[in-house]
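Please arrange chain C on chain D, whose structure you already have, making use of the hints.
Each chain, written out:
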Amino acid sequence: MRCWILSAIFGLVSIMLAQNSAYQPDPNWRVPQDAAMKPNPLARKPDAAAGGKKLFLRNCTECHGQDGSGLVKKHAADLQLPVVQNQSDGTLFWKITNGNPDRGMPSFSKLPEPQRWQLVLFIRKLKPEN
Amino acid sequence: MRLAYIALFAFSLFASVTLQAQESPYFVTYDHHLEEPGNLEIETSSTVGVPRAGQHWFFAPYLELEYGVTGRWTSELYLEGQSTAGDSTIFTGWRIENRFRPLAREHWINPVLYLEYENINEASRIRKEIVGAAPELNESNAELRATRAHELETRLILSSTAHDWNISENFIVEKNLSENEGFEFGYALAVARPLATLASGKNCRFCRENFIAGVELYGGLGTTQGFGLHDTAHYAAPAISWQISDNTSLRFSPAIGLTHGSSPALLRLGYSYEIRGFSTKLARLFGAKP
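Protein sequence lines correspond, in order, to chains D and C. To convert, note that position 111 of the first sequence is 110 in numbering that gives the first Met the number 0; the numbers rise steadily by one, no gaps. To convert, note that position 212 of the second sequence is 211 in numbering that gives the first Met the number 0; the numbers rise steadily by one, no gaps.
Warning: the hint list may mix true and false statements.
[As the list claims (entries may be wrong)] Quick list of in silico lysine-lysine cross-link-like pairs, DSS-like style, CA-CA up to 25 Å:
#1 72(D) <-> 37(D)
#2 44(D) <-> 201(C)
#3 126(D) <-> 44(D)
#4 72(D) <-> 52(D)
#5 124(D) <-> 73(D)
#6 174(C) <-> 73(D)
#7 37(D) <-> 52(D)
#8 201(C) <-> 52(D)
#9 126(D) <-> 37(D)
#10 52(D) <-> 126(D)
#11 124(D) <-> 52(D)
#12 124(D) <-> 37(D)
#13 124(D) <-> 174(C)
#14 44(D) <-> 124(D)
#15 73(D) <-> 126(D)
#16 72(D) <-> 126(D)
#17 201(C) <-> 126(D)
#18 280(C) <-> 72(D)
[Stated by the list, open to error] Pulled from the structure, derived: some chain C residues nowhere near chain D, Cβ distances all over 10 Å:
#19 32
#20 35
#21 39
#22 82
#23 105
#24 110
#25 197
#26 202
#27 208
#28 210
#29 223
#30 224
#31 264
#32 268
No lab work stands behind these hints: they were computed from the structure. Don't be surprised by glycine CBs; every beta carbon is placed ideally from N, CA and C.
Bound-form chain C, shown alone:
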């Protein structure tokens, strides 16, 4: 079975099927680039949490399906789980996310509106956003999974391109509809740049143009009941993405916890596979003429 997984990974690493532009290296921050209309991106990512004394390692994988509905609207579905060392492995819920670009053209600052509904439980650990106060990591999965959370998350995404650098700022507001705990706030800031800006004429896997490096800074800003930095989690995270083939990419980011409320480190790894012209392929499958 393990051999099958290794073979599958090796195949996807070296397979070259269809074609796609480079992926951002960010895990938490969003920039203004949406999915191309009709394309479907399938991504598996995971967050590994390095524990403090008295806590346990956790592994939180999630599957992400991202579809470009139009040139200005991208929709995503997330399925997530979590496994804690010495505890259990559980399904922690699902999310539906939508991003809209209100402005058609490129501007100095490009705003994107973000709305996400989360149907998760309190054991969720994927850390796709850091909001509110620092999380409690000492409770067992059995206790945490019993508490469901219906949450709405909104973001104002601002993103710019300057001399081939991407600079992105996200301002996050989240509301747990299941609890009367006010609004939670967070932020995510990031910069990134390709290692080479000119494309070489040859097909190469390890060319510098296939790598984008950057750094993210993200954390919570408290709630309406206690706004500020007190007892919040913050991370600084170098990040790199590698365009392995024309439709597959790999991302890695080791995030370092900056406050006592943070985990000492979060290790993030993501692998994405792009299906270009997904809607057309689906239509052909159901008999539409090419």
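Bound-form chain D, shown alone:
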């Protein structure tokens, strides 16, 4: 009986994790034009990136890893890639705010707006290790 329960739990968890295949950008995750154009109000406060790092470690490393390279099992984007870094500040802010819940990226609108901009500042600092 106990063995059966353990097998059932394992099967259930395996099903939950089976969806974690290689990350593919979601073509339907489109950012409205006006949101993409928004400038980062903290752009002239580079010191705020330190707070962004703290927030990144708190909220993002579970899926994106400490260096932002993204965990394959979580479908998480590699934030160091040009496909991410070439996006505007407004685009990154919008994506952090809204998330993409159907693809596993939660909304972080619970963070105050300045903190989401701090995250954008820090994401800009993520560089691939040579």
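Okay, now just chain C, sitting in the frame of chain D:
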């Protein structure tokens, strides 16, 4: 034994293990933020009821397990009890709650659908929702626990974010399936804001950014047999949450009774602990490759 409890509390207060965003300070009102997928939050809360003349103090603790099933679906299990001064301590039942976000993106108003099944008895005092008419508090636990209640509670949760303020409105309809007493109605309204909106670069426990303060207003709106404010309970409740560490938070709310049907005050305290990536950790436990 008491020392062990104090040590456990002190450890959890100052332990810093994994990481999590700030928790809302609300006890009754829900906002539109769901649990992150795969995370499990374990929360213990309690409601202490200050009595009117002829009534007794009560203490109603509950354990809450909240799991993010998907980005748009959060499920919770509650186990609750109650202790009344000069009476007894009893288990009052369990609840299963589900919240769904129908819309994927952030909007001006974000709706969330809420459905809860409650298998409790009439001695339940956790006051997680205030609905219908004012409760009768003079009966003994022995009498109350004998009456079981299978209840369905639904809420329409509307929540907005405006200039770092959260504004939430909940409209509650509850039906006791065990009694032919119609539908009960209630409401909960709340606003809250972090004390600081910019995160400092250093790790600090008492920074203003770790605190969210707000106020809740909640109460009953009668039943289908008598809709309105007559003989209903209403409370105004300042609330504050403190992100103690990256995965633990503490909430406190002293609610003041506004009508004769209300308790003079309800003191609420909640402590939550977040296990990030719970489903992944569970899978590893059963042999799944990292």
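Hints, verified against the model:
no. : hint              : result
1   : 72(D) <-> 37(D)   : 32 Å, violated
2   : 44(D) <-> 201(C)  : 16 Å, holds
3   : 126(D) <-> 44(D)  : 20 Å, holds
4   : 72(D) <-> 52(D)   : 23 Å, holds
5   : 124(D) <-> 73(D)  : 22 Å, holds
6   : 174(C) <-> 73(D)  : 40 Å, violated
7   : 37(D) <-> 52(D)   : 21 Å, holds
8   : 201(C) <-> 52(D)  : 10 Å, holds
9   : 126(D) <-> 37(D)  : 23 Å, holds
10  : 52(D) <-> 126(D)  : 13 Å, holds
11  : 124(D) <-> 52(D)  : 9 Å, holds
12  : 124(D) <-> 37(D)  : 19 Å, holds
13  : 124(D) <-> 174(C) : 54 Å, violated
14  : 44(D) <-> 124(D)  : 14 Å, holds
15  : 73(D) <-> 126(D)  : 20 Å, holds
16  : 72(D) <-> 126(D)  : 21 Å, holds
17  : 201(C) <-> 126(D) : 22 Å, holds
18  : 280(C) <-> 72(D)  : 13 Å, holds
19  : 32                : 5 Å, violated
20  : 35                : 5 Å, violated
21  : 39                : 13 Å, holds
22  : 82                : 33 Å, holds
23  : 105               : 5 Å, violated
24  : 110               : 14 Å, holds
25  : 197               : 5 Å, violated
26  : 202               : 7 Å, violated
27  : 208               : 8 Å, violated
28  : 210               : 12 Å, holds
29  : 223               : 36 Å, holds
30  : 224               : 39 Å, holds
31  : 264               : 29 Å, holds
32  : 268               : 22 Å, holds
Checked against the numbered hints given earlier, the structure breaks hints 1, 6, 13, 19, 20, 23, 25, 26, 27 and satisfies all the rest.
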